[in-house]
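Chemist: Single-letter residue listing:
There are 2 protein chains.
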Amino acid sequence: MIYLDNAATSFPKPDKVYEEVLRCMKEYCANPGRGGHYMSIESGKAVMEAREAICSFFNIRNPMQLSFTKNATEALNVAIKGLLKAGDHVITTTMEHNSVVRPLKTLEKELGIELTFIQGNEYGEVDIADIQRAVKENTRLIAATASSNVNGIIMPFRKIGEIAKAKGIVFLLDAAQGAGAITIDVEEDHIDMMAFPGHKSLLGPQGTGALYVRENVILKELMQGGTGSNSENVFQPEIMPDMLESGTLNTPGIVGMGAGVGFINSFGLENIKLYKAMLVKKLHDGITEIGGMKLYSKNDINHNSGIVAMNVDGIDSTEISYVLDKVYGIATRAGLHCAPMAHAALGTMKTGVVRFSIGCFNTVQEIDLVLNALKEIVLKTQNN
Amino acid sequence: MIYLDNAATSFPKPDKVYEEVLRCMKEYCANPGRGGHYMSIESGKAVMEAREAICSFFNIRNPMQLSFTKNATEALNVAIKGLLKAGDHVITTTMEHNSVVRPLKTLEKELGIELTFIQGNEYGEVDIADIQRAVKENTRLIAATASSNVNGIIMPFRKIGEIAKAKGIVFLLDAAQGAGAITIDVEEDHIDMMAFPGHKSLLGPQGTGALYVRENVILKELMQGGTGSNSENVFQPEIMPDMLESGTLNTPGIVGMGAGVGFINSFGLENIKLYKAMLVKKLHDGITEIGGMKLYSKNDINHNSGIVAMNVDGIDSTEISYVLDKVYGIATRAGLHCAPMAHAALGTMKTGVVRFSIGCFNTVQEIDLVLNALKEIVLKTQNN
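Each protein sequence line maps, in turn, to chains A and B.
Per our numbering, residue 203 is the first one in the first sequence, and the count goes up by one each step.
Per our numbering, residue 203 is the first one in the second sequence, and the count goes up by one each step.
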C-alpha cells in the first residue's frame, strides 16, 4: 500500500519508535511518579526525558509547562474551556478543524462567548489586517491552526502571535498539522498555548498529544483525579503539569513520542521539510501537467506543510479515493476531513477533496505511481 | 525486581499484548474510522474487535455503548460531569479514589451538587442499609468503587446496584481495581455506567480506559472535536460512541487492551482469581505469623481483589517501602495512594500503608522472598 494519509496519522513510524515503545513496555513500565520504587522512578525519568526533548524541539523553556494529553483534541478542549469565561470574545479562522470549531461553538451556545471567524482567501490564508480589525475590548483568545489539515496551507501564525502579544490577548496555536512538519518556536512566534498530537508529523504512537501553556496563562483544569501529588487534598493541585495530568499517563506512548522527536532531530527538521516539499512539488506539478483536475493547495515549502488537495473535474472525491485504494492500493482521504468550515471556504463543501498527505517516508517512486494512477483515472473519466 | 505494584499498573503484560501492539503499529495502524482506505478499515476493524471482546467480558450487550478513553480517570470525569446538574444529590463512599472524590468535590463547590459519603467499617466495607437510608428525593447518582485501591476490599456493588435500580438512581461503578480482577456483569450487577482502565488487571497497555454507558442514561460530552462522523456539523454528534470519542483513538493501545482481555479469557478469570487469592492468603497469613505488623486487608477471595495493605508497627510506610525497594528489590507503593478519605477511614492518614498489589504473573517463590524480607525488617526494627 502507498500510504498518503499522513495527515490523519503518520505511517510508518521510525524503527526507534517501535523499539522504544516495546522496550518501555517490556522492561520498565510502571506508573510514573506514583511510587518510589525503581521501575516507577525509571518510568518517571523516561517521561521527563521525553518532556524535555519535546519542549526543546519547540523552544519551550520550562518543561513543567507541557502537559501530556491523549491527543490534540483533548489539548484543545483543555485550552479553550480552561481559559474562556462568559462574555469573552474569540477570534478564529474558517480553516479550523472541528476540534477547534466544536468546542468554540459549544461554548458560544452554552456559556455565552462571542465568536468571530476570519475568512481566508481561495487557499484559506487569512489576512493579518482582518485579524487586527476583529480585535475588540473583550477579545480574550485568538485560536488558529498552524497549517490546515485540508490543504496544508501554512497560516501566518507568527504575525498572529505578534498581534496577540501587542494587544494582551492569549494566542492558542492548533499545531495538529504543524508540529514536526514546520518550524515552530513558542518564543519567536509568541505562542501562549499550543496543542499538538504525537502521532502525526512528530512520528510518535497514537494515544499521545500535549498542551503547552505559558506560565502567565492560568487555566481551570477540565478533569480532576489522582495526580500522585498533594494526595491528601480532595481538590485538584494547581501545579503544572500535574493539574492537567490526572490519572495514569501513557508511558510507552510518551516514550515513543520522544523517540519520534529524536528521529526528527537526528535527520534534521529542515531536511525533512525540504524532502517533503520536493515530493509535494512533484505531485502538484504532475497533476497540473496531466490536467482535468483542480488543485486546492499551494506547491511551495513556505505555504504548504505537506498536503496536496485536489479533485478530478466533475467527480466526487470519495469516488476517486475509493478507486485509488481498490485499484491502485493508494491510501488517501476524501470527504470533509472534520473541517466543514474549511471546505466551505475552499468551495468544496459538496464534493469534498481528495487529500494526499505526504510523510517523510514516502518516496519519489511512490509519487510516480500516484501520477500514473491519476493519469489513467482522468483518461477513463474523459472517455466516459 | 519483584513487582508488587500491580494496582498502579500491571507488569508484565502477556506476550500476546506486546505482539499485538507492535503488529498493529508496524503493519496496519492508520486512523480508524477516518478514511475509506484499506489500512483505515483494518484499524477500524481491530478497534471494533477489541470493543466487542471487552463488552462481552462484562456482558455489555451493545458495544456501541462502550467508549474508549485514555484512562479510568477520564471515564469517571465524563460520567460524573456528563450526568450531574446543579441541585443533584450524590451518594458515594469514603473508600473512593481521588478520581471520584476530586470531580465530585469540584462539582459540589462549583456547580452546587450535594454529597453524602457513606462511612465504611474498619476495612472500608459499606453497610447497604446506610446507602438505602441516604437516598433522598434528589439523589441522581450513586458512585462507588468495585474494590478499594488501598486495601483491595470488594464493595457490595451488586446490592448497591439493586438499590439504585429500585429507586431509579443512576449507578456508576469505578472498576479501576475491579475490572479483570473480580467478576463484573453490568446486567446482573445493575450497573448503569462503568469506568475502567485497560492497563491494570485487564493487562493492556497504558493510555487505555473505557466508559460504559447504559442506553437510557443521557450524558453531555466533556470534549468536542473531530469524530469522523457528521463532519458537516459544527456541534458534537449525539450518537455513541462517537459522542465521547473525539480525536484520534489510541489504536495500538486499544488492540493491546483487547489482547489483554483475550489472555484473561484463555486462562479463565475464575482461575486467575483463585491463583491470586492463594498468593494473597499466603502473604497475609505469613505476615500474621511473623507478627509486629498490622494488616488492613481481608484475606479471602470474596473480600479482596488482590491487595495486602500493611504497616510495620511504629514505622512510616514510606520507610518500609523504601527498604523493600533498595535492599530487597521489591516494588510496592507506600503513602496515600491518591485516596485520602480511604486512609482516613482506615485510620492510616498519618502513616499511609505499604501496599503489596498482586498480579497474575507473581509467583509463590516471590511471596516467600517478600516474607523473608519482612521478617528481617521486623527483626531489625525490634532490635533497634
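Treat the hints with care, as some may be off.
Copies of the same chain look alike in the list, so a pair counts if it works inside one copy or between any two.
[As the list claims (entries may be wrong)] Below are the DMTMM-like pairs computed for lysine to aspartate or glutamate, each with C-alpha atoms no more than 20 Å apart in a straight line:
| no. | residue 1 | residue 2 |
| --- | --- | --- |
| 1 | K218 | E251 |
| 2 | K218 | E229 |
| 3 | K577 | E440 |
| 4 | K422 | E312 |
| 5 | K475 | D502 |
| 6 | K311 | D290 |
| 7 | K552 | E434 |
| 8 | K369 | E389 |
Derived by calculation from the structure, the hints in this document are not laboratory data.
Because the structure is a prediction, the values reported are computed rather than measured.
Chemist: Could you run down the list of hints and mark each one as holding or not?
Modeler: Hint-by-hint comparison with the structure:
no. : hint           : result
1   : K218 with E251 : within (15 Å within a copy, 28 Å between copies)
2   : K218 with E229 : both (16 Å within a copy, 15 Å between copies)
3   : K577 with E440 : neither (58 Å within a copy, 41 Å between copies)
4   : K422 with E312 : both (17 Å within a copy, 12 Å between copies)
5   : K475 with D502 : within (11 Å within a copy, 61 Å between copies)
6   : K311 with D290 : within (13 Å within a copy, 23 Å between copies)
7   : K552 with E434 : between (55 Å within a copy, 10 Å between copies)
8   : K369 with E389 : within (16 Å within a copy, 57 Å between copies)
Of the hints listed earlier, the one the structure fails to meet is number 3.
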